[in-house]
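Trainee: Read off the chains here:
Number of protein chains: 2
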Amino acid sequence: MKKSFWSPFLSALTPYTAGEQPQDRRYVKLNTNENPYPPSPKVKEALAAFSVDRLRLYPSPDADLLRDAIAEAEGVSRENVFCGNGSDEVLALCVPAFFKGGRGAAFADITYSFYPVFCDFFSVSYTQVPLKEDYTMDLAGLGKADADGVFFTNPNAPTGIGVGLEETEKFVAENPGKLIVADEAYMGFFGQSALPLTKKYPNLLVVKTFSKYYALAGIRCGYAVGNEALIRGLFAAKDCFNSYPVDALCQAVCAAAVGDKAYYAAAAEKVKSERSRLRAELVRLGFFVPESASNFLFAGHEKGGEFIYRGLKERGVLVRFWNTEKLKKFCRITVGAPEENDALLSALREML
Amino acid sequence: MKKSFWSPFLSALTPYTAGEQPQDRRYVKLNTNENPYPPSPKVKEALAAFSVDRLRLYPSPDADLLRDAIAEAEGVSRENVFCGNGSDEVLALCVPAFFKGGRGAAFADITYSFYPVFCDFFSVSYTQVPLKEDYTMDLAGLGKADADGVFFTNPNAPTGIGVGLEETEKFVAENPGKLIVADEAYMGFFGQSALPLTKKYPNLLVVKTFSKYYALAGIRCGYAVGNEALIRGLFAAKDCFNSYPVDALCQAVCAAAVGDKAYYAAAAEKVKSERSRLRAELVRLGFFVPESASNFLFAGHEKGGEFIYRGLKERGVLVRFWNTEKLKKFCRITVGAPEENDALLSALREML
Numbered sequence: 036m037k038k039s040f041w042s043p044f045l046s047a048l049t050p051y052t053a054g055e056q057p058q059d060r061r062y063v064k065l066n067t068n069e070n071p072y073p074p075s076p077k078v079k080e081a082l083a084a085f086s087v088d089r090l091r092l093y094p095s096p097d098a099d100l101l102r103d104a105i106a107e108a109e110g111v112s113r114e115n116v117f118c119g120n121g122s123d124e125v126l127a128l129c130v131p132a133f134f135k136g137g138r139g140a141a142f143a144d145i146t147y148s149f150y151p152v153f154c155d156f157f158s159v160s161y162t163q164v165p166l167k168e169d170y171t172m173d174l175a176g177l178g179k180a181d182a183d184g185v186f187f188t189n190p191n192a193p194t195g196i197g198v199g200l201e202e203t204e205k206f207v208a209e210n211p212g213k214l215i216v217a218d219e220a221y222m223g224f225f226g227q228s229a230l231p232l233t234k235k236y237p238n239l240l241v242v243k244t245f246s247k248y249y250a251l252a253g254i255r256c257g258y259a260v261g262n263e264a265l266i267r268g269l270f271a272a273k274d275c276f277n278s279y280p281v282d283a284l285c286q287a288v289c290a291a292a293v294g295d296k297a298y299y300a301a302a303a304e305k306v307k308s309e310r311s312r313l314r315a316e317l318v319r320l321g322f323f324v325p326e327s328a329s330n331f332l333f334a335g336h337e338k339g340g341e342f343i344y345r346g347l348k349e350r351g352v353l354v355r356f357w358n359t360e361k362l363k364k365f366c367r368i369t370v371g372a373p374e375e376n377d378a379l380l381s382a383l384r385e386m387l
Numbered sequence: 036m037k038k039s040f041w042s043p044f045l046s047a048l049t050p051y052t053a054g055e056q057p058q059d060r061r062y063v064k065l066n067t068n069e070n071p072y073p074p075s076p077k078v079k080e081a082l083a084a085f086s087v088d089r090l091r092l093y094p095s096p097d098a099d100l101l102r103d104a105i106a107e108a109e110g111v112s113r114e115n116v117f118c119g120n121g122s123d124e125v126l127a128l129c130v131p132a133f134f135k136g137g138r139g140a141a142f143a144d145i146t147y148s149f150y151p152v153f154c155d156f157f158s159v160s161y162t163q164v165p166l167k168e169d170y171t172m173d174l175a176g177l178g179k180a181d182a183d184g185v186f187f188t189n190p191n192a193p194t195g196i197g198v199g200l201e202e203t204e205k206f207v208a209e210n211p212g213k214l215i216v217a218d219e220a221y222m223g224f225f226g227q228s229a230l231p232l233t234k235k236y237p238n239l240l241v242v243k244t245f246s247k248y249y250a251l252a253g254i255r256c257g258y259a260v261g262n263e264a265l266i267r268g269l270f271a272a273k274d275c276f277n278s279y280p281v282d283a284l285c286q287a288v289c290a291a292a293v294g295d296k297a298y299y300a301a302a303a304e305k306v307k308s309e310r311s312r313l314r315a316e317l318v319r320l321g322f323f324v325p326e327s328a329s330n331f332l333f334a335g336h337e338k339g340g341e342f343i344y345r346g347l348k349e350r351g352v353l354v355r356f357w358n359t360e361k362l363k364k365f366c367r368i369t370v371g372a373p374e375e376n377d378a379l380l381s382a383l384r385e386m387l
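Residue numbers (this note's numbering), protein chains in the order written: chain Y, 36 to 387; chain D, 36 to 387.
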């Protein structure tokens, strides 16, 4: 038998499965929560102005150009900002930086399914706290968990349900001994960000991404905002893995995007308006759909998520489903552009 | 006292220190082994042709567009190629993928100083095998080390010394039970790559970077070539950390570069010609300089590396030195463009 060079450690891991990313573009893609609108025109300008010859040089290892742009947009200082290769990398680095060698992490049982994978990859234990009957997060339960910190996904995925700023502050204030990592990937579509609270609470780290609200999933960039000690911890973890995770083009592109508040606010309003319309139509078609604070809908149907997924895929529309006991009735459907949502609704009317 | 949220694990780590990257451009930068020549003109064309609106979509999670371009350029199949966010990320992922939970890794005591940091980050043990008296790598010693595999840096850094293809094949063939990770960051300036041997030896993985030969340090991309089982192992490790590490712009830029063989071969010839000239001049100035197979020179002087580094920095020239017993006589000097090398030599003549 041929020797396998996979480590015993690797052989025991279960990697995360991302949504399908067909590159042939034949589908109406409502499965990975991308923004239906293009990035700000300022992104195009920034790319056109970029001097290609500069690419022969390493970028700033700490992504200082982009940190400054984010600090200005968010009303904090450079020292409060850390940038990574997607918010996935930022969240992954939180695990060794803050949760390893102690009591581990806690998070909801139904939430972003990469958290347990990160924990296993860094040999960190975790506690999964069940959602409540109404699919909302059990904040009291998360606070009581025997853990050094919490991944607090707000709005949560795949439920789309958001926690208002007042309730978030109460949760952070009541748990001063726990680091609350607020994963706000979808917060741009809700508008209740805890980011300003990072000045008041040293146990709060807010993580954001350029992939959704900023319509830049293709560029891979995310960031964390928090007090200096937390940010220094993320830098120390980064410098044990990869010195220069944010490339020079990415910095230029994201710095341009974060400065164009008006463009993105208008795009988000269009998404929110379609979200209302789509939800009402889905309810009319017999779906159970909680109010969404994000750019997707969590849609349950008695025929089951897999039936809906397969029927839609046959008809050229991609959505996401999970083959697990608690989620099997549901699909997660990204709010697309009006014509994409119409295509989804036509396909569903044909199927049901 | 305020509670620290740093994990006990993080507090015990010593991060890697990258070379200085002053962003003000006032220095002649001969400290981080960047290519003195710009990227291929095809990179500019690829950027100009890139449709910015596509950035709203996630890239191919496995970087298939770029894998195909690399496979074609290297004469292998897509299944033999893995891409990461810099070769640093590729090398870092090798540690949990191949060396964790077993006997750990081995590498030279004087080599790329990120390897022990990667190992500590993933709690993997390692053996450091001393260089021989003449600063060459002790391949017999590395073969005998009690480890599951070896980081075999060729040409080695910071010595710049290369191992010829015949000797490399012997090393790989004599150690069928050890995974040999050939870190060929500087191989483009030597021309003895072990990459074709990956078809013959399942225990060989070759790692390359776009940062040096391809003059794209600013874009952060590296890749590994090896048999399918090894590549699948790297994908499994990646999917425990970050699903989409190589962004869409990066894929387009690097695919354009890897296709322009003539341009890069000509640029490397210019670097090699300057390398000869610079080495001869340094020897004339009293330096001890081993023959270099890379784009930098390992230059020892009786006055010590720190003296040379400080004197040069005062005169506007950056080189790298290490304040350790074995390296304290040396500086590592990147081979720059002719005028940069002249600036270095003038400064040295003034100092010595």
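By construction, these hints were calculated from the structure, which means they are not laboratory data.
Keep in mind it's a predicted model, so treat the numbers as computed, not measured.
Some clues are possibly wrong.
Where chains are identical, the list cannot tell them apart; a pair therefore holds if satisfied intra-copy or between any two copies.
Simulated pairs of lysine to aspartate or glutamate, DMTMM-like, Cα-Cα distance not exceeding 25 Å [stated by the list, open to error]: (1) K77 with E360; (2) K234 with E309; (3) K179 with E304; (4) K305 with D88; (5) K363 with E209; (6) K361 with D103; (7) K235 with E204; (8) K338 with E304.
Trainee: Within, between, both or neither: how does the pair K234, E309 come out at a Cα-Cα threshold of 25 Å?
Mentor: neither (34 Å within a copy, 53 Å between copies)
Trainee: Tell me, please, which holds for K235 and E204 at an alpha-carbon limit of 25 Å: within, between, both or neither?
Mentor: within (10 Å within a copy, 60 Å between copies)
Trainee: Should K77 paired with E360 be assigned to within, between, both, or neither, using CA atoms and 25 Å as the limit?
Mentor: The answer is neither: 45 Å in one copy and 51 Å across copies each exceed 25 Å.
Trainee: From the Cα coordinates, with 25 Å as the cut-off, is the pair K338 and E304 best called within, between, both, or neither?
Mentor: Answer is neither: 32 Å inside a copy and 66 Å across each miss the 25 Å cutoff.
Trainee: Can you give me the call for K361 and D103, within, between, both or neither, at a CA distance of at most 25 Å?
Mentor: Close neither inside one copy (43 Å) nor across copies (39 Å); limit 25 Å.
Trainee: Is the C-alpha distance from K363 to E209 at most 25 Å within one copy, between copies, in both cases, or in neither?
Mentor: neither (34 Å within a copy, 53 Å between copies)
Trainee: My question is about K179 and E304: at a cut-off of 25 Å on alpha-carbon distance, are they close within one copy, between copies, both, or neither?
Mentor: Neither. Shortest intra-copy (37 Å) and inter-copy (64 Å) distances fail the 25 Å Cα cut-off.
Trainee: Checking K305 and D88: alpha-carbon separation at most 25 Å within a copy, between copies, both or neither?
Mentor: Between copies only: 17 Å across chains, 39 Å inside a chain, cut-off 25 Å.
The structure shown violates the earlier hints numbered 1, 2, 3, 5, 6, 8.
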